[in-house]
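Number of protein chains: 2
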Amino acid sequence: MNYFSTNFTLGILGGGQLGKMMLYETRKWDIRTHVLDPSAEAPCRIATDYFEQGDLMDFGTVYNFGKNVDILTFEIEGVNVEALEKLESEGKKVYPSAATLRNIQDKGVQKQFYKDHNISTAPFKIYNSKNDLNEIIFREEIKFPFVWKSCTGGYDGKGVSIIREAEDLIPLSEDACIIENLIPFKNELAVIVARNPSGEVKTYPVVEMEFHPEANQVEYVICPARIDDAVAKKARDLAVKVSEAFQHVGLLAVEMFQTEDDEILVNEVAPRPHNSGHYSIEASYTNQFEQHIRAILDLPLGNTDSKVGGVMVNLVGAEGHTGDVRYKNIEKILAMEGVTPHIYGKKETRPFRKMGHVTIVNKNLNTARSIAEEVKKTIEVVAK
Amino acid sequence: MNYFSTNFTLGILGGGQLGKMMLYETRKWDIRTHVLDPSAEAPCRIATDYFEQGDLMDFGTVYNFGKNVDILTFEIEGVNVEALEKLESEGKKVYPSAATLRNIQDKGVQKQFYKDHNISTAPFKIYNSKNDLNEIIFREEIKFPFVWKSCTGGYDGKGVSIIREAEDLIPLSEDACIIENLIPFKNELAVIVARNPSGEVKTYPVVEMEFHPEANQVEYVICPARIDDAVAKKARDLAVKVSEAFQHVGLLAVEMFQTEDDEILVNEVAPRPHNSGHYSIEASYTNQFEQHIRAILDLPLGNTDSKVGGVMVNLVGAEGHTGDVRYKNIEKILAMEGVTPHIYGKKETRPFRKMGHVTIVNKNLNTARSIAEEVKKTIEVVAK
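Residue numbers (the UniProt record's numbering), protein chains in the order written: chain A, 1 to 384; chain E, 1 to 384.
Bear in mind the hints are in silico, worked out from the structure with no lab data behind them. One should not assume that every hint holds.
Listed next, the stretches of chain E that the computed footprint assigns to chain A, with coverage defined by at least 3 CB atoms under 8 Å from CB atoms of chain A [as the list claims (entries may be wrong)]: (1) 297–304; (2) 322–331; (3) 340–346.
All values reported here derive from a predicted model rather than from experimental measurement. Note that CB positions come from ideal geometry on N, CA and C, so glycine has one too.
Isolated chain A, as found in the complex (with noise of 0.2 Å):
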């Protein structure tokens, strides 16, 4: 199949900021796109050859969509897997596939998906509602605290929770939830694998990822984790084998605990590039983007290396602000050195909005480091 300056056309589920970041390599490569996203004002708009404007889990939008590209792909999993397999079923490839979407997009199934395949996680408990998990906690068959996921529709942070007292349950949704115990962890770990359709693996380096303690969003991510040699190769081979159970083609973010007596457990995956590979386009030999288009094309995969250590700040809109973004003090950071802000295209700013990141490089990582908290302290993203 010849990609390159041809009519063959890529059609990409979801038009945010991974889609955006993912146009630049298809135009890179002048490889012809469709993108089909709910907003007409996703950031997808402009540099894609069609753009659609329509519901990504409605079965005919996506479906019909589908029949007009020649590789489907997505960049958010909330999309209509029936679609996804009724386009499979008539021979249309679909990267990731339906099967591998289906045994991811439920947090439920997916956790069960590992227990089955004898794949590390934390021990959890499944409940088909929240009168279910009322019941469970009434009869003190759990105790707090404890970790609630909903099963769906969990992003950015939203649909988890830390259980720590009765009164915490009462913002939870009515929806079928995972309980996990909460394990004390020493690190936030996570791997970025690649797998074309040949089989060739290829996984990015162990990346360290710190959270904002209230918004529950990755505040940095540090490539290379800070980490054992020992510890980031069982990581990496977890990734793999988590990769490999799942038959999965394309790009896939394993999120890991690394615990206190150094185990590593799976905690979720996301089968598309992701927050955690940002620092890829400045830092890597191949960004996470151009690895994700490589994968699912039945391309070569290209180095995962690092050039040089990279930090990625998200950009997330202050509390207390919303309205038309700024992004104040963004000159003062780009006097800063190796300083790249991304800037995704939303207008509009909300608390803990992602708005952007900015990644900081440098041959020396306590450099990057520094650096990024300087970046941190002194951009603001705000309402006007």
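Fit chain E to the supplied structure of chain A, relying on the hints for placement.
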């Protein structure tokens, strides 16, 4: 001025590959853009907020286009300068300025500028027409061999010839021209200078350029040039002198000769991102396109150092091939270490047409150079 996710609009005259790569950066920072280009199939057609098809040499077209943007720049020198002058006189910011462009557009004026500003350049004479030149040759006032350059319209090796005998004069255009001594040189070098309206100046490392003997197009660009530190310093200092003489804003690519006795002579300049800086996308802390945007928006300039060694190979149309393009063996070069192809998006190939480029990066520059040779031997730009 607030540029990010606002209604501020940057206008770009020219919608070719340089504009296309500039748009990766405006997209990254969510800066609104308008692009003007004569071709409906210009590589910039998508990824800009607004694309206008029109003649870059037409006063009214350029003037009206410029009226609707906040800052105007160009990615090609062949634009109507009178329109830029009128826009400037009405208070519009044009970077680089019309005055800079006037001093560069005509190679006779450019050479005279160097002489007037005491900038080393090869000795030259200017003739107003081919007739004038023929007369001088008839009178034997100049001797073969010499270098002939058309004063206007030279691009991609057109408009430059080495004249070794009378017969070589036949295909030359009737236009005004410069005649230069044929200087024996060790190396062709280039330095990209960035300068912002506040006067901040930075130079990129010196690159070494190797030309295709027939097409007179760059075949390899190697960064850093494998030359003495003292020679490199001399080249960078000279480039800054040139930039300041022009009071240039934006990027200025200064092409130079290193003579047998290590003198540095300015050959010519381009007031824009340049083929000799494409390596920077993968190799530099700040790529040349981001740097151009920083410069013209009067933002702080980024670090011009390299993360890794870089070699760039142009992808030009193979001889004997005209028609719909195919990048033969592109999947083979994708399997090589540190290789990134860039496909500009021109649908039709012609002999020696610039269709794309490939960057090869490696911590070891010699390894990158060897891989670049493999790339050159492997990929072919052919008609289907």
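Hint-by-hint comparison with the structure:
1. Counting residues of the stretch 297–304 of chain E whose C-beta sits closer than 8 Å to any C-beta of chain A gives 4, which meets the bar of three, so the coverage hint holds.
2. Restraint check on the stretch 322–331 of chain E versus chain A: 5 residues with Cβ-Cβ distances below 8 Å, three needed, restraint holds.
3. Look at the stretch 340–346 of chain E against chain A: 7 of its residues bring a Cβ nearer than 8 Å to a Cβ of that chain, three or more, so the hint holds.
Comparing the model with each earlier hint shows no violations; every hint is respected.
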